[in-house]
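Line by line, the protein sequences give chains A and B.
Using the working numbering, read the first sequence as starting at 1 and increasing by one per residue.
Using the working numbering, read the second sequence as starting at 1001 and increasing by one per residue.
The set of hints was computed from the structure by calculation and includes no laboratory data.
Don't be surprised by glycine CBs; every beta carbon is placed ideally from N, CA and C.
Where hints are given, some of them may not hold.
[To be verified] List of simulated lysine-lysine pairs, DSS-like, C-alpha gap at most 25 angstroms:
#	chain 1	residue 1	chain 2	residue 2
1	B	K1240	A	K71
2	A	K240	B	K1240
3	A	K185	B	K1071
[To be verified] Quick look at which bits of chain A chain B covers, simulated, 3 or more residues with Cβ under 8 angstroms:
#	stretch
4	38-44
5	205-213
There are 2 protein chains.
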Amino acid sequence: MLPIAVDAMGGDNAPAAIVAGARLAVEELGVPVVLVGRSAELGDTGGLDVIEASEVIAMDADAGSSVRRMKDSSLVRAAEAVRDGVASAMVSAGNTGATMASALLRMGRIRGVSRPAIATPIPVPGSTPTVLLDAGANAECSAEWLVQFAQMGVVFASDRFGIARPRVGLLSIGEEPTKGNPLVKETHELLAEGAWIGSTGAEFVGNVEGRDIMTTEVDVVVTDGFTGNVALKTLEGSLKTLIAALLAAFDSSDEARTAAGALWPSLLPLYASMDPENTGGAMLLGVDGVCIISHGSSSARAMVNAIGVAADMVRGGVVGHLATAVAPAD
Amino acid sequence: MLPIAVDAMGGDNAPAAIVAGARLAVEELGVPVVLVGRSAELGDTGGLDVIEASEVIAMDADAGSSVRRMKDSSLVRAAEAVRDGVASAMVSAGNTGATMASALLRMGRIRGVSRPAIATPIPVPGSTPTVLLDAGANAECSAEWLVQFAQMGVVFASDRFGIARPRVGLLSIGEEPTKGNPLVKETHELLAEGAWIGSTGAEFVGNVEGRDIMTTEVDVVVTDGFTGNVALKTLEGSLKTLIAALLAAFDSSDEARTAAGALWPSLLPLYASMDPENTGGAMLLGVDGVCIISHGSSSARAMVNAIGVAADMVRGGVVGHLATAVAPAD
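Please work from the sequences and hints to get the whole structure.
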């Protein structure tokens, strides 16, 4: 396969953690990688190829203007490598908005897709993750876009997690079809009507609530990018707060430290399953190529996982499956 | 003070847990209580007065039509008791929508209030809770309503938690004023302009994200009722999932059970601070009277706390403070 283009300059720990992760991905997974960035700043790349890019889009830069202006940035060059058939996918832990804009402007959309959406896997203890989309690409959406998000989310749940018959829920504030805002009510009608399902094997389970996201009740949760991003950040924040408070309690006395040490082997699998390092990143669905968006705080290990997911998605042919799912019925 | 009208028929554990909580509130807090419901079904009320109401609005009934149709329901009669000067406040663990509708239709709005909003305290370990509003009363909102929610949320944070200078954040998907949907951008301008603050002593800290809700960064988080309800349910659901997984890990082996037992004294304060039983319920702000909405699963202990909060709010004069905060400047 063609190499995965890895944005070496993007992320809180770039370039060191990114380069280290890329090298590990090659060693451990046998996945070919090409780094994109300022070669002089990358340190020992272990002989990996580098696509030279002189500019870096900052983590907090305005996405649209940066991508238009910084044509020699690592993000834009990574997206071009996919467009030009030099790389099979792109992976970045950098500015999320700029990653989306680069992928959209350089790769373009899959034919028939109105708007790409970010699909984020949410861990569910003891089960496959729930796919939440749109997790932030489109602050305003139409009902028709949300129906496409459902189609694309089903393909992702199937290709990424092997879920044969994904159950799709529409995020709302009550189970009844009459609950929610006008966008949700209109989308509910379209999803319930069922023509969108095609040959995807999906099942629409109706409205779901925020409390259902981290459960086994649903596989794909569809929402607009504003609500989805609020839900994602709220979920991450509440878990982070609780885990920090737990760790403080574990460290609050000698007795607690001893007991926590004895408990740790039992907690480790849970801790690992909840760690964003292990989810392999989110995917921008609907652009004409594989684009994996890794957490800004990604470590080398998180990059290995993200690169592995990118390779899986390329080999599995997810872009072709997405194109089939959104194609209008004859 | 006038008694607190407690809907004896509302909640998953009604009437037994409600009556038990009401009796405990009288004994422990010295707060006068009047029960509202079917006296024949209440068991031993310990001599508490009862306002007779023959109908019960089911937990899953349609709110609007139920309240219009069931004029002799416990919820409608409780709201009437406040309107008629027979009770000083109402408390219910029943159907949330019907509680709102009863309070709105019978008590009416505070002069100048466009729409009442549900203010829900979100626990923050080691600190005062964050007040989230609107947590679900209004699925669609205007920017002007959100500004009033800010004014009312500040009064609640001050009266309920003694926060002298509440920091108000607007829930969005990025800190920059340009991030979010049109409603958020318009509201941001109005909040930043500052005329709404009046003499409340509040401070607008700009946009906040979902991850900030359970932190000490902000005291009042303002949002529309759709987004607020999704955030609230997502937060509750993720904590519930994590806590269930932790308890399963604690019980996964003899070693784990022993260690967890030794750790429990250190975890108890955290567990207590996160327990919805202890938050005292949400408050419907903007109706012309005190209306406390308790969790549907409320136990007797949760009812004691909710009745205590109702009494505090009455004694503190929160309705008068709300009226002052929303009154147009001269």
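Results of checking the hints against the structure:
In summary, the hint linking K1240/B to K71/A is not supported, as the alpha carbons are separated by about 46 angstroms, beyond the 25 angstroms threshold. For a cut-off of 25 angstroms, the pair hint linking K240/A to K1240/B stands: about 14 angstroms separates their Cα positions. Restraint check for K185/A and K1071/B: the C-alpha separation of about 30 angstroms exceeds 25 angstroms, so the hint is violated. Chain B is given as covering the stretch 38-44 of chain A, and this is violated because 0 residues of the stretch bring a CB closer than 8 angstroms to a CB of that chain, at least three being needed.
Coverage of a stretch by a chain is defined here by at least three residues with a beta carbon nearer than 8 angstroms to that chain's beta carbons; for the stretch 205-213 of chain A and chain B the count is 5, and the condition holds.
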